[in-house]
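**Q** Residue numbers (the numbering used here), protein chains in the order written: chain P, 1 to 567; chain Y, 1001 to 1292.
In short, the hints are calculated from the structure, not lab data. The reader is advised that the hints may include incorrect statements.
[What the hints assert, rightly or not] Just the calculated beta-carbon pair ranges, DEER-fashion:
#1 L116(P) - A1123(Y): 27 to 33 Å
#2 A1123(Y) - T365(P): 17 to 23 Å
#3 P1204(Y) - R308(P): 35 to 41 Å
#4 R1020(Y) - L156(P): 50 to 56 Å
#5 A1123(Y) - T311(P): 23 to 29 Å
#6 G333(P) - P1204(Y): 33 to 39 Å
#7 D360(P) - M1153(Y): 55 to 61 Å
These numbers were taken from a predicted model, which means no experiment stands behind them. Beta carbons are placed, not taken as given, at the ideal position from N, Cα and C, and that holds for glycine.
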Amino acid sequence: MASASQAVASEDVALSVRDLTVSLPAGMERAHAVENVSFDLKRGQILCIIGESGSGKSVTANAIMGLLPKAIRVTSGSIDLNGTNIVAISPDKLRNLRGRVVSMIFQDPLSALNPLMTVGAQIEEVMAAHDVGTAKSRRSRAIDLLVEVGLPDPQLMYHQYPFRLSGGQRQRVMIAMALALEPAILIADEPTTALDVTTQAQILKLIRDIQRRKGMSVMFITHDFGVVAEIADSVVVMEKGHCVEQGSAEQVLKSPSHLYTRRLIAAVPHLTGKDRNPLEAADRASILKVECLVKTYRSGSALFRTQRIVTAVNGVSFDLTQGRTLGVVGESGSGKSSLGRLLIKLMESDGGSILFEGRDVAGLTEAEFRPLRPKIQMIFQDPFASLNPRSTVGQILTVGPVAHGVPHREAGERARELLSHVGLDSGAFERYPHEFSGGQRQRVGIARALMFKPKLLIADEAVSALDVSIQAQILKLLDQIQRETGVSMIFITHDLRVASQICDEIAVMHRGQIIERGPPSQIFLDPKSAYTRELVAAIPGEQPRGARALAGVNEHRRDTAKNEERS
Amino acid sequence: MTDIAAHLPPIRWWHSRGVRRFMRHHLALLGFAMIALLVLACVLGPYALPYDSLHIDMRARFAPPLSGHHYFGTDPLGRDLAVRLLMAGRVSLLVGFSAMLLSTLIGTLVGVTAGYRGGWIGAALMRTVDGFLSFPSIFLVLALAATLRPSPMMITVIIAVTSWMEVARIVEAEVRSLREREFVQAARMVGLSGRHIMLREILPNATGPIIVAASLTVARAILLEAYISFLGYGIQPPLPSWGNLLNGAQQYLASAPWLAIIPGAAITIAVTSFNFIGDGLRDALDVRDDHI
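Okay, chain P solo, but in the shape it has when bound (with noise of 0.2 Å):
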């Protein structure tokens, strides 16, 4: 199968990877980041690595631009570009190639530019380096590539600080700085996962835009299906270092050979717009019920008159049954998390009340509240920073009904029944959380606000850190906890197919309001409110209206872009 794959005319193909193998230094999780991995990628063609956290297709990437830390090296195989083998030429030489014929643009536009150097100073850099044209030239070649990657006011834009846009403007003049070259292969390195889903959805269409009217070979890498499903034209399939799976997007999309393609195609969360079943429960009281919750953060100081006044919560008002579960979306900004902690009480609220089982809580002081905590508990985000490096997972879960009086042996007996309970073995208990994988510490996050038999759960983007198919893991569990026990559930989240898992309502945040509330069908199929259409419509890999299986999504997609390329 090699030896036919090389019998492709080499002028079809613009990047050949042989057999890559880069190895990590001694005392790793793995001896190779990348094994045997081989791959092209055709001229004027989308080619998507994707995989999961740990499966090195960022590592690949950073061989072929020669981006590799010190400890970690290519130790055997072939990156064949132009006819030029780049693991072996001289850094110098692979220094004129990058950014010339190979650029690549990252997750983080904010890190990846520099912060002191204005926008078109920063693109006109890249050519300076190598010696393209005149200053006065490159002027006004920056300018035309921030008009080309769709930047709005091009002479404004030039002298911005990037600390000045947002993050899809960023992203815009990361492209743009890659472009400058008339590079013949970009690697996108997961450009879009740092973003709104609108955002995201213009981001793609511009990579895509400027592939097709470039010609120029795209090597993007991300972990989301539903972004090949946008763009690809093929695929390639990674885990834990190995090539599992590669083709031509429809082929792995529909049709995946390798059982951990299927496995992660099937954990990637659909819009179902079906409703979910609701608990038959007896009890239809309501649990909580906000209304007209204001919260603003003031920045700066009165006093020297340079006070800026942000309303992140701004009269919002809803009610929650008990055993049921409320979807919060947004994008960032939208003010969600801010709801979550204001409702928990880790902020303090400016105006409005939250009535927590018929009682304002908004009101009392943290001694006051203190007694009620127990009843509501929160899932944070980042598994990693949620729990205390320094205790055991035993002191995490049992410090605080400790504090609350329980007996140690008690609340010890309770955790590890939890820890079992969440699928992890009660060996857990003594260890430290850097023991443990990402979902796993999830679990423990869950186990601990399970330690009071809480009232209301508060789950904030709990799942947003995780793989899809660690994802769908924590959602069954969810579902599970909340069939069993009866708890309620806000489940605060950017991703609306997550939300549709899982939430029998779901309120959608703009600028601090909900501007729309629904069960996800109507949100998901019926949306009344132009926003809530425009963030479903840009769901990446799903159609706005039902939903259909991910692959009928690429057909549609190229029918619609050779009409466009006709016309």
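Got chain P; can you put chain Y on it based on the hints?
**A** For chain Y alone, coordinates are given in the frame of chain P:
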């Protein structure tokens, strides 16, 4: 579902990795060995030597080093310098360590409270720190030492009171950033009291910088003690300390230079060793944040 359980050996990796990193720091290792040697010598040495620190041998005044049983020579009263140096070391090191413990304690408490509480409490505490820092500490120490009756205990307190501010600042900055971490929010969520969160949740995570600051404070405290004792306001003879040994030596610099050189060398070795240890600890402990 229990198949996803952790099957890892119970290694506290940051311990082992930190230790390994410290071991790789050769100067720190050297410093550690020197301090260990010095402490051992000061504790056990005087019993092994043939003379008492107050024994006066008028016939052997100003004996140079390596004359007879006086390995380091004798002082103007014919007392054995070796045994006096080790007895002085006991006092100086003890003052240094105790001053470090006391100032670290004060600094940590102030820093944790200021960092966690923030608001006007934090502002008031940190402005107090700034106030203490704006005093020229040597003058403060000398003024206090001149008015209070100098005893090793009093000197320790004086040194601690003038050197806790640095620890407070380091701890405050560290705690302020730790306070925003999700595990602290989680601790509030389960209903822990502010004091519990400060001392049991946050403080263990700030031990790295505290230990580094403490090891550097010992060096500073030893120097300060030597300084005030040299000026005659510190530890009073006949109780020896490295500082007042130097004081006694100044008029004989030309005729009996070993009286100054030997205690001077002891101070230098102790101070540099502690500084090396501090550097090594900084390198060994600072990488605590690179999880996995």
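**Q** Are the hints correct? Go through all of them and say.
**A** Hint by hint, here is what the structure shows:
no. : hint                           : verdict
1   : L116(P) - A1123(Y): 27 to 33 Å : 31 Å, holds
2   : A1123(Y) - T365(P): 17 to 23 Å : 22 Å, holds
3   : P1204(Y) - R308(P): 35 to 41 Å : 36 Å, holds
4   : R1020(Y) - L156(P): 50 to 56 Å : 53 Å, holds
5   : A1123(Y) - T311(P): 23 to 29 Å : 27 Å, holds
6   : G333(P) - P1204(Y): 33 to 39 Å : 34 Å, holds
7   : D360(P) - M1153(Y): 55 to 61 Å : 56 Å, holds
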